[in-house]
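Q: For reference, the chains in residue letters:
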Amino acid sequence: MNEATSTNTISKLSQLAVGAIGRIKSIPAESAVNQRLMNLGLLPGMMVKIVQIAPLGDPIAIEFARQQISIRRTEAALIEIE
Amino acid sequence: MSAAAEAPRRLARVAMLGNPNTGKTSLFNSLTGLRQRVGNYPGVTVEKKTGVMQLGQGEAELIDLPGTYSLAANSPDERVVVDVLSGHVAGIERPEALVCVVDATNLQRNLFLVSQVAELGIPIVVALNLWDSALKQGLNIKVDDLSMKLGVPVVTTVGRTGQGLPALRAAISQALWDKPAMTRIEWPESARQAEAKLRESIPEEVRNQLKELEVQRLLFDADSPIVDRVGWDREDARRVIDEARQPLWDAGVNPLAAEALFQYAHLKKILDGVIVAPAKEMPRGSESIDGILIHRFWGLVVFVGMMFVVFQGVYAGAGPLMDLIDGAKEWTQDLVRPWFESMPMLQSLVTDGIIEGVGAFMIFLPQILILFLFIALLEDTGYMARAAFLMDKLFNWCGLNGKSFVPMLSSYACAVPGIMATRTIDDPKARLTTILLAPLISCSARLPVYVLLIGAFVEPQLGPVWAGVTLFAMHFLGLFLAMILAFFFTRFLIRTKPQPFVLEMPAYHAPRMENVLFRMYEAGKEFVQRAGTVILAITVIIWALLYFPRPAGLEAEETKAFAAEHARILGLSEEDAAADIAQDEDLGAALQAHIDGAYVDQSLLGRMGKTLQPIFAPAGFDWKITVGVLASFPAREVIVSTLGIIYSLGGDVDEESGDLRQAMRSETWDDGAHAGEKVFNLPVVFAIMVFFALCSQCGSTLAVIAKESNWKWAAFAFAYLTGLAWVGAVIVYQIGIRIV
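If you read the sequences in order, they're chains A and B.
Following my numbering, the residues of the first sequence are numbered contiguously, the last one being 565.
Following my numbering, the residues of the second sequence are numbered contiguously, the last one being 856.
There's no promise every hint is true.
[Claimed, not checked] For lysine to any residue, the following SDA-like pairs were computed, each having C-alpha atoms within a straight-line distance of at most 25 Å:
{"no.": "1", "chain 1": "B", "residue 1": "K613", "chain 2": "A", "residue 2": "K508"}
{"no.": "2", "chain 1": "A", "residue 1": "K508", "chain 2": "B", "residue 2": "G368"}
{"no.": "3", "chain 1": "B", "residue 1": "K823", "chain 2": "B", "residue 2": "N631"}
{"no.": "4", "chain 1": "B", "residue 1": "K509", "chain 2": "A", "residue 2": "S494"}
[As the list claims (entries may be wrong)] From chain B, some residues computed to sit far from chain A (all C-beta separations above 10 Å):
{"no.": "5", "residue": "G183"}
{"no.": "6", "residue": "K327"}
{"no.": "7", "residue": "L329"}
Treat the hints as calculated values from the structure; they're not laboratory data.
It should be emphasised that the depicted structure is a prediction, and the values quoted were computed from it without experimental measurement.
For every residue, glycine included, the Cβ atom is placed at its ideal position computed from N, Cα and C.
Please put together the full structure from these sequences, using the hints given.
A: Right, here's the structure in full:
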């Protein structure tokens, strides 16, 4: 990873716009949702794409490892993206 | 096959497991056909499906385990899987082989569960399902290499077409003999140390019963329910498990993330060189469709349209079929009635009691079949998850999730199919809450009550605009209260642990007709079985309350009084009047209506109505309304015909009946504080409508609640709904009389 990307701002998964792609930096294991997501293969270093945000602003649909999963915004706010 | 001849008569037990949305149920149905039994696992509302499958010349029992992503036993579903596989469910022996159904288009994630299960050492066959989709996506999976690396047979299948099924059957029967064990993960030193440490700290007598898999669940999962089996209290468990996890922390791994990290590293090695992804990523097909179906604007448009079709289908489409059942009911009554001519009590029991009651229940069958047709289509295509995605926010605040939407909507037609539809909600807490609240949604059986009262009182007195507003308000009231109650139920009443909201949006598929028909058949079969048992009992009880004590001489007395009245009006002699009545059909019918009214008046239920009237007095109900309310507890639509009987118009009036409306308008209080005043003023009318909107007046619904949860919750639903209805009616009446 070159200097430019590593100094890129770290943000939360919930802050990404529709269509944006990010790399998982950290995913706190204490949340039940995150445990489920890790069981589905969402681990640090993995690329994740925001597919859609529901009409009422919540939940959001994300794509990783050939699957589309939807989670709530409050949970996505725990996941750090770089 | 000589071995087959010696095989014991007891069938071999095979269990099927896999992630949701892998076509597992479809494969199960293909393997077992209609030879299935559906029930519940002991003590939990997790559906247990077993069937018998043909294996070459032999047979084996096949258990369809609930679809799960992981063995981390958070939900009752996952716990059942762990318990069955460890042999800890009473009455279910540990399976001798496993069929692991995996989605070929997402192999890595699907193999996670399989690799967890491999720790048990039970022989495994992997069914690589949705093989056609994988080929279409350009995935090149080297099946033989995969089989070699996993150490177990891998069979490619297409559940939709039945492709690969013979090979799967052959592989299963082979596996029962060969007992192929799957390659297990090589745990890093830290995990092995932690597991050994944990095992040592488990009391010896329990330790020997626990499978290695269960110790791993204790080690890796947050709040594993297996703690209860060990006999630790929460404090002990936390202390002992934390201590055992230390080697993982020392190795720099968070224990709660450890299993995922290790397993996926292991799977990556297994799959290395086995899957050759296409040079150019092929679209999975779902993206372009999802561009519209979950679009922020168009998604909603399609959703509303879709739900309109479902609702119309259930609400209106079932109409002709329901009329047909109603006609069949009446035809049977007419057919049977003469058989019992000499035994009036038996005649009444059979025709007015059993056929009427069971027929009134069976009338919901078309709605159930049509709703399950739509549900099967929505689920089979993958749209149901999108609908839940679109609607989640609406339900999230009160502790439910988007999957409650379809059951709630269906309940506008009828709560019975609505409650059955809650099976699509996988979070047990949200499911139970939805079951308990579905009866609040204003079902189509309430409509006759609204139409009668709005037509007779609201429209003439307040005008058509307020009539429309009232009808809308009555339909909105239940939903509004349901949402508020959900907020409290999910927080204070239902103690189940909430499920993490992680909703898979599966790839779209064309629905498979066989699956759809099977869902309808299953739902219909269960419903009809209900009619033969619980409903029959409720029906007979209410019939008896309305029939007895039937004082001898009442009929003669009423006939005499009726003839005397007729004679007085027309100035005839009593004999001429009696002859007149005997000849004139209309007069005869009017007499019969009077006699029926007198019997209801005298019946146990009629007496209960008079006794219980003081309870309903704060809502402005007189004893006749009270009898109507009581008689409507088995089925609320009965109110209209009961009022017809009570007002001596006969039971075959309907909500549009001018006579009934007139009779109600002219009804006055006989005695008491309001003597001489009209019974039906607007506050009373609204109080009755609110009562009917909220009350639990449907034996069928209670029976279905009991079936989908248990009798305790059905009793609770009855109590809270009836209490709520009384409070609502009293508030409406008391406020009403102060402002009118």
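Q: Which of the stated hints cannot be reconciled with the structure, identified by number in ascending sequence?
A: Hint 1 alone not satisfied by this model.
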